[in-house]
Amino acid sequence: MSQLSRRGLRVRLVCTVAGFLLLVAGTLWGQDDDFPFGPFRMYSTAPDPNGAAVDTRVEGIDVTGRTVIITEANSGIRRAEIEGQRQQYVAVPSRLSQIADAYGERTPQEPALREVRIVIRWHGVRNSRPTGTYRDEVVAVWTRP
Amino acid sequence: MTTDPVRHPRIVQWLVEPVPKGRVAAFRTLVYLFVAADLVIFTPWVRAHADTPGDLYQPLLIGRLLALPTPGPLLVHTVFWLLLVLAVAAASGRAPRLLGWPVFLLYFEWMIIAMSYGKVDHDRFGLLVALAVLPVAGRARHGDRELSEAAGWALRVTQLAVIATYFLAAFAKLRFGGLDWPTSSVLAQAIIRRGTALADLIGAVPGLLIVSQFGILAFELLSPLVFVVPQRWRAAVVGFFYLFHLATFATITISFMPHLVAMASFLPLEKVRRPGSDRVPKGPDTPDPVPGSLASSP
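These protein sequence lines map, in sequence, to chains X and G.
Everything in the first sequence is counted per our numbering, starting at 23 for the first residue and increasing by one.
Everything in the second sequence is counted per our numbering, starting at -11 for the first residue and increasing by one.
It should be emphasised that the hints constitute simulated quantities derived from the structure, not laboratory data.
Here a beta-carbon is modelled for each residue, glycine too, at the ideal position from N, C-alpha and C.
Any given hint could be a false lead.
[What the hints assert, rightly or not] The calculated EDC-like cross-link candidates involving lysine to aspartate or glutamate, where the alpha carbons are at most 16 Å apart (straight line), are:
{"#": "1", "chain 1": "G", "residue 1": "107", "chain 2": "X", "residue 2": "54"}
{"#": "2", "chain 1": "G", "residue 1": "259", "chain 2": "G", "residue 2": "109"}
{"#": "3", "chain 1": "G", "residue 1": "107", "chain 2": "X", "residue 2": "84"}
{"#": "4", "chain 1": "G", "residue 1": "107", "chain 2": "X", "residue 2": "132"}
{"#": "5", "chain 1": "G", "residue 1": "259", "chain 2": "G", "residue 2": "132"}
[Unchecked claim] Have a look at the derived ranges for each label pair, beta carbon to beta carbon:
{"#": "6", "chain 1": "G", "residue 1": "163", "chain 2": "X", "residue 2": "163", "range": "31 to 37 Å"}
{"#": "7", "chain 1": "G", "residue 1": "41", "chain 2": "X", "residue 2": "91", "range": "16 to 22 Å"}
{"#": "8", "chain 1": "X", "residue 1": "55", "chain 2": "G", "residue 2": "41", "range": "39 to 45 Å"}
{"#": "9", "chain 1": "X", "residue 1": "159", "chain 2": "G", "residue 2": "193", "range": "42 to 48 Å"}
{"#": "10", "chain 1": "X", "residue 1": "106", "chain 2": "G", "residue 2": "55", "range": "19 to 25 Å"}
[Claimed, not checked] What the simulated footprint calls covered on chain G by chain X, stretch by stretch (three residues with Cβ under 8 Å from a Cβ of chain X suffice, anywhere in the stretch; the number is not a length):
{"#": "11", "stretch": "55 to 66"}
{"#": "12", "stretch": "70 to 83"}
{"#": "13", "stretch": "225 to 235"}
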């Protein structure tokens, strides 16, 4: 059997304890910013059992008037990334022009976008179950000058 | 590497419990092939950040501390191709340090790029730990039954990282969601956003989502028991973990793929062999359960 040297063992023990402490600290006090030691916070919020559910989408309208859903495939930007920066887009809607640019870079064969908007679909939820009803709200719009 | 037999405290002995080198060889091949597949199949969107406007870059703490450059075409494509070539080479099991360290560093940078645009994923802590420890897991050939403490430690800390992902996720739920989490509409929200037809069926049953939420919390809090259940049940427990993710994928299309790969560190992977490829002389098949008998090892 191959055994670890004393030094090899000691280094491994120190690394194990250090990694463990960083992870526990990240869980208790950290944020996503502390990746990879941040808290494992996927689906960790507790939304109101009778509150509306938010479903965000980003739409573009191209120069021919067609509505295009902006996706990871046609813009290289993930929906969750736009949601993560939603406040910035709402505060400064001109930032949405960057999504139009990213779309243009990724799909040069398609007509350019003249408008980009973030739309929130509020789905009804009652007793922690979807009711099947919804309404749309546009929260940020940029139109090509 | 080989020294006089030493008796460690029990916790240390558990942490470096020797495993057959063939197991770490198989795990190494699996992990490095996954890295290559992850680049081209599972998270291809990372590469798209080559063209993402620099204004949208929100560097993580680690990116700011290390003053990592804003991703652009040169950085992203260089990391992509280097990582792809080195990961495939590392999957051969040759030069574990020389290939393993660059793969770890490049994949880490790849993930920092991936998570620096406003969304951080939580599905790959175990994989990152596996990549960090595989370079020091020692040389290992497929099918080699010789036991190794270095290999044992590498697999053990990967297992710990996998279980920490569950166990600490329960604490994150209590921290961010509070005691209301199990009775909240968190699964209803997930179904609305990314649910499948199966999820819609489940969501229609009164109370079932709430029961599921209690079940998830209980499962996460109890997951460390995998380390204390008898050996013969361990595979069943790990099988249950995989089934949990199968259900998650079938309902809200979240795969947690890197985590699933890291979780293979629990499995006796050395038993997966091509028929007729077993040319290694027979030896002890399982880790030696009797601490005192370490002295009789060569």
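Right, here's what the structure says about each hint:
no.	hint	verdict
1	G:107 with X:54	8 Å, holds
2	G:259 with G:109	32 Å, violated
3	G:107 with X:84	27 Å, violated
4	G:107 with X:132	27 Å, violated
5	G:259 with G:132	11 Å, holds
6	G:163 with X:163: 31 to 37 Å	36 Å, holds
7	G:41 with X:91: 16 to 22 Å	20 Å, holds
8	X:55 with G:41: 39 to 45 Å	21 Å, violated
9	X:159 with G:193: 42 to 48 Å	30 Å, violated
10	X:106 with G:55: 19 to 25 Å	23 Å, holds
11	55 to 66	violated (count 0)
12	70 to 83	violated (count 0)
13	225 to 235	violated (count 0)
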